[in-house]
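Participant: When we follow my numbering, the leftmost residue of the sequence shown carries the number 9, and every step to the right adds one.
Simulated from the structure, these hints should not be mistaken for laboratory data. No experiment lies behind these values; they were computed from the predicted model shown. For every residue, glycine included, the Cβ atom is placed at its ideal position computed from N, Cα and C. Be aware that one or more of the hints could be misleading.
[As the list claims (entries may be wrong)] Taking CB as the label site, the calculated pair distances span:
id	residue 1	residue 2	range
1	61	116	17 to 23 Å
2	84	45	19 to 25 Å
3	28	60	37 to 43 Å
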Amino acid sequence: ADYAKLRPAFDRKHGTVTAANSTPLTDGAAAVILMTESRAKELGLVPLGYLRSYAFTAIDVWQDMLLGPAWSTPLALERAGLTMSDLTLIDMHEAFAAQTLANIQLLGS
């Protein structure tokens, strides 16, 4: 396929996001095993990390689609007694670079 000839998915005139430069919803895989620290010790496993908090939020997809991290991250941090400045690394799943940039901007405000 000639990727340069693909039409932008959103803004037909100035857009740059095409089927060739964005990930499909099924791209990637991950696995996590969660258990209590005592169970890990019973199995002879060394914990690689601890789940201190989590949050999820329901947002209006027409207005805030893909901005879930900007809404749920502050809530999860508050529950853990942390702030953004306590973090040394943030790994954000994203479908488009613009999504990450928008979330970073919102998290910084």
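Participant: Does each hint fit the structure? Answer for all of them.
Facilitator: Verification of the supplied hints:
1. Checked against the given bound of 17 to 23 Å, the beta carbons of residue 61 and residue 116, roughly 20 Å apart, stay inside it.
2. The given range of 19 to 25 Å is respected by residue 84 and residue 45, whose C-beta atoms sit roughly 20 Å from each other.
3. With their beta carbons about 39 Å apart, residue 28 and residue 60 fall inside the hinted range of 37 to 43 Å.
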